[in-house]
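Visitor: Sequence:
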Amino acid sequence: MCVVAGYIGERQAAPLLLEMLEREEGLGGGFYTGIATIHEGRLYTEKVVGDVAALRRQTDAEKLPGTIGIAHSRTPSGGDREWAHPFVDCTGQLAYIANGARGFFSETTNLAEAGRQLAAAGHKFRSICQEPVGNYPMVPEVGAVHMSDVMCHLIEDAYRKSGSLVAAAAEAYQGWPGEIVGMCLHVNEPDHVVAMRINQPLVIGREGGETYLATTSLAFPEPVSWRMPMAVNAAATVSRESVEIRHFTSARVPVAPMPSPLAVEQTVVNALREEGLLGIGALCGRTKPIWPDGALGQDAMLVYETVAALVAEGRVRLETDLVPGMFGEGQVPRTRVRWIA
1490 MCVVAGYIGE
1500 RQAAPLLLEM
1510 LEREEGLGGG
1520 FYTGIATIHE
1530 GRLYTEKVVG
1540 DVAALRRQTD
1550 AEKLPGTIGI
1560 AHSRTPSGGD
1570 REWAHPFVDC
1580 TGQLAYIANG
1590 ARGFFSETTN
1600 LAEAGRQLAA
1610 AGHKFRSICQ
1620 EPVGNYPMVP
1630 EVGAVHMSDV
1640 MCHLIEDAYR
1650 KSGSLVAAAA
1660 EAYQGWPGEI
1670 VGMCLHVNEP
1680 DHVVAMRINQ
1690 PLVIGREGGE
1700 TYLATTSLAF
1710 PEPVSWRMPM
1720 AVNAAATVSR
1730 ESVEIRHFTS
1740 ARVPVAPMPS
1750 PLAVEQTVVN
1760 ALREEGLLGI
1770 GALCGRTKPI
1780 WPDGALGQDA
1790 MLVYETVAAL
1800 VAEGRVRLET
1810 DLVPGMFGEG
1820 QVPRTRVRWI
1830 A
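If you're matching positions, the sequence shown starts at 1490 in the working numbering and goes up one per residue.
Worth flagging that the hints you see were computed from the coordinates, not collected in a lab.
It is possible that part of the hints are untrue.
[Stated by the list, open to error] Per label pair, the in silico range of CB-to-CB distance:
#, residue 1, residue 2, range
1, G1770, P1750, 17 to 27 Å
2, N1599, L1751, 32 to 42 Å
3, S1566, D1810, 15 to 25 Å
4, E1551, P1621, 32 to 42 Å
5, G1581, E1764, 44 to 54 Å
6, E1818, G1697, 37 to 47 Å
7, G1768, G1623, 12 to 22 Å
8, G1803, G1581, 44 to 54 Å
9, E1764, N1677, 44 to 54 Å
10, G1803, I1734, 32 to 42 Å
Ideal Cβ positions, reconstructed from N, Cα and C, are used throughout, including at glycine.
Input sequences plus hints: build the corresponding full structure.
Guide: Shown next as structure tokens:
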């Protein structure tokens, strides 16, 4: 599980994006971190192995220009710096981040074949490793490649044909689905972020002419009074002024409707009362029985927002400690939920 952030507004995006990531990285990231912004027709990116603090120390990420951007922090699932998000296309104009895995689609979405087709067409991946890396696709005659690197180039390929970023992202997500959520931006469309969601969490917030996107509303600055979950099986064009949703026309597997919020809250509360201190992943596991069989669940989305509500009510608090970083180097934050009511 990773965490993501996005911003479209009037202020410099980079500092705001890093602050948003810092509020959520311990919940589901901290091991690889990166950011992308657009300014005056150019894409700017920085990324590192490590947390936001490492990104600040090792790069000029906080100084990146532009009032629009996306950022990402991920789990310790392997690879070097090039396996951090964002991923950039062959033109250097498109940046892409994502959270999730193939999951339910592991047997039907063949990203190794997608990578083979892209490589044959001349696409160049940056996250190439000659040895297998976890469950990531092994592209024939190329090597292990991050699934989001493949998806970035699938969007690039579709964009060349359509000239529309939201149409390209929707095509790629419908053609090669996973249990994922993502965001992308392109220098040719500098006034909006395109968000795509199958079932993993993404919340959109607006306040005073600024629009925020994040894995959880816990990442939003205060106050952000208008909030909405990103629609499932859909892509959206998100600007300062509006959110335009485009529902997928060929979703292969339905996403289960939200169960009763009270049922989810009671499950989370009972788990925290029993254990005292739990991470988001463990809480998601406790809610699995609530979701029906044969459909994709939205457990992470509901758990994150349930925890946000419990924090606001003073019934739980977030506690952060430090754990060893990637390859045993340095330390990164780990945030868990403590029952206090």
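Visitor: The hint says 44 to 54 Å between E1764 and N1677; measuring C-beta to C-beta, is that right?
Guide: holds (49 Å)
Visitor: For S1566 and D1810, compare the CB-CB distance with the range 15 to 25 Å and indicate the outcome.
Guide: With a Cβ separation near 21 Å, S1566 and D1810 satisfy 15 to 25 Å, so the hint holds.
Visitor: Take the C-beta atom of N1599 and the C-beta atom of L1751, compute their distance, and say whether it sits inside 32 to 42 Å.
Guide: holds (40 Å)
Visitor: State, for the Cβ atoms of G1770 and P1750, whether the hinted interval 17 to 27 Å holds or is violated.
Guide: About 20 Å separates the Cβ atoms of G1770 and P1750, which means 17 to 27 Å holds.
Visitor: Given the hint of 12 to 22 Å, is the C-beta distance from G1768 to G1623 inside that range or not?
Guide: holds (20 Å)
Visitor: Take the C-beta atom of E1551 and the C-beta atom of P1621, compute their distance, and say whether it sits inside 32 to 42 Å.
Guide: holds (35 Å)
Visitor: Using the C-beta atoms of E1818 and G1697, is the stated range 37 to 47 Å upheld?
Guide: Check passed, 40 Å falls within 37 to 47 Å.
Visitor: Range first: 44 to 54 Å. Now tell me if the beta carbons of G1803 and G1581 are that far apart.
Guide: Given about 47 Å between the Cβ atoms, the range holds.
Visitor: Within 32 to 42 Å or not, the Cβ separation of G1803 and I1734?
Guide: Cβ of G1803 to Cβ of I1734: about 34 Å, so the range 32 to 42 Å holds.
Visitor: Starting from the range 44 to 54 Å, see whether the pair G1581 and E1764 falls in it by beta-carbon distance.
Guide: holds (47 Å)
Going through the hint list in order, the structure satisfies each hint without exception.
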